Amino acid sequence: MNITATIFGQMIAFAFFVWFCMKYVWPPLTNALAERQKKIADGLEAAERAEKDLELAQVKVADQLKEAKVDASGIIDQANKRASQIIDEAKEQAREEGQRLIAGAQAEIEQEVNRAKEQLRTQVAGIAIAGAEKILEATIDESAHAELAEKLAASL
Amino acid sequence: MASEATHEEAGHVEAEAQTQGEYIQHHLQFLTYGKHPDGHWGFAHTEEEATEMGFWSFHVDMLGWSVALGLLFVLSFKKMADKASVATPSGFQNFVEWVYEFVNQNVKDTFHGHSSLIAPLSMTIFCWVILMNTMDLVPVDILPWIAQTISGDEHIAFRAVPTTDPNITLGMSLSVFILIIFYSIKIKGVGGFMKELAFQPFGPWMMPFNLLIEVPTLLAKPVSLGLRLYGNLYAGELVFLLIALFGWWQLPAHFIWAAFHLLVIPLQAFIFMMLTIVYLSQACEDH
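So the protein sequences, as listed, match chains Z and X. With positions in the first sequence counted from 1, the corresponding number in my numbering is that position plus 7. With positions in the second sequence counted from 1, the corresponding number in my numbering is that position plus 3.
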């Protein structure tokens, strides 16, 4: 173990390397790591904020969904009501129309009956007169026997 | 006849033992460049020549590896530091950042003052010492063999592990010592520093006694710091050399010792770094 000037050489080299490390190695590493740390912190913060935003949005969506459901059920109720109303109205109209048609038909039938009766009556009167003429073999004064004929016709 | 054979065998064993001794001796010799006693500068060819050179000589192999490994550290880390970006790191950049975080955490936990020097200083110590220690895992004969082949001198000494040279470890610990003194005086002032040495721990009336405790404590710091690293790595290197004498059995033995040594390499670097931080932290603390 002999101490020689090697020791000075090593001290100079040591001083140089420490100086070099202090000047060119340590500061850029410090900067890069600090910057990355900041970026990661920012990223985490942004993620947290986004999560909060998402939560808010979800709450909002749920609210809106509930509202929409209420609205929809209201609309459906209204529609149902309106539908039954329309059906009722239609039924009423149909009944009225039916009644009207029935009444019309009855009136026409009555008219027809009356007309047939009238014709029948006229024809019966004619037949009666013709029959009477044949029986009497004499001309009946139309005017003189009209009353008779009328009476006959009316009795039919 | 029989006794002659035994004698021959004994002689053979003796010769071999000498070669083994020489083998280890040779492996513990530095490639030394210095001033020969006759005044001219040059490489020492034998251990005696190296010793005769005295203080003014350089262990070229140790300084060479030390500087080469230091350059490897600063340049590779600088490359990564320049590339270090906010983007996702990968590969070696991850490693560099891990080392950064590790050193930074240790400095923060231990050193409470403000200094832009201490963290890079710790990082340099940690990485550099690890690299120098790792040279211990290079098989002991490879680098000397390469050096001998290149130089053509089959007796050339060439060692690989800078931290097995006390000059290297003491060079670092003395630098730390200078920083201890510098920070002590910077933070406490010359008077404060002297007071700390003279008036503690027993108060001004016991000044000689205090000095007797505090001055050796202070001086022991660089010595123990440097010699601890040197001792651990030198012992490890010596065991590797002994294992290299085993013949074929050196393969499993070498593997086991290398596996064990994998623990010693980072541990000693870590201890050197931590003690540096602790000493400088003490230097910066005002009582």
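Since the hints were derived computationally from the structure, they do not count as laboratory data. Be aware that one or more of the hints could be misleading.
Once the Cα atoms are required to be at most 30 Å apart in a straight line, the calculated DSBU-like pairs of lysine-lysine come out as [what the hints assert, rightly or not]:
1) Z/K45 / X/K86
2) X/K81 / Z/K46
3) X/K189 / Z/K46
A short list of chain X residues far from chain Z (calculated; beta carbon distances all over 12 Å) [stated by the list, open to error]:
4) P40
5) M56
6) H62
7) S69
8) V106
9) V141
10) P142
11) V193
12) F205
13) R231
14) L245
15) M277
Just so we're clear, the structure is a prediction, and the values are computed from it rather than from any experiment. Note that CB positions come from ideal geometry on N, CA and C, so glycine has one too.
> Against the structure shown, which of the earlier numbered hints fail to hold, in ascending order?
Replying inline: 3, 5, 6, 7, 8
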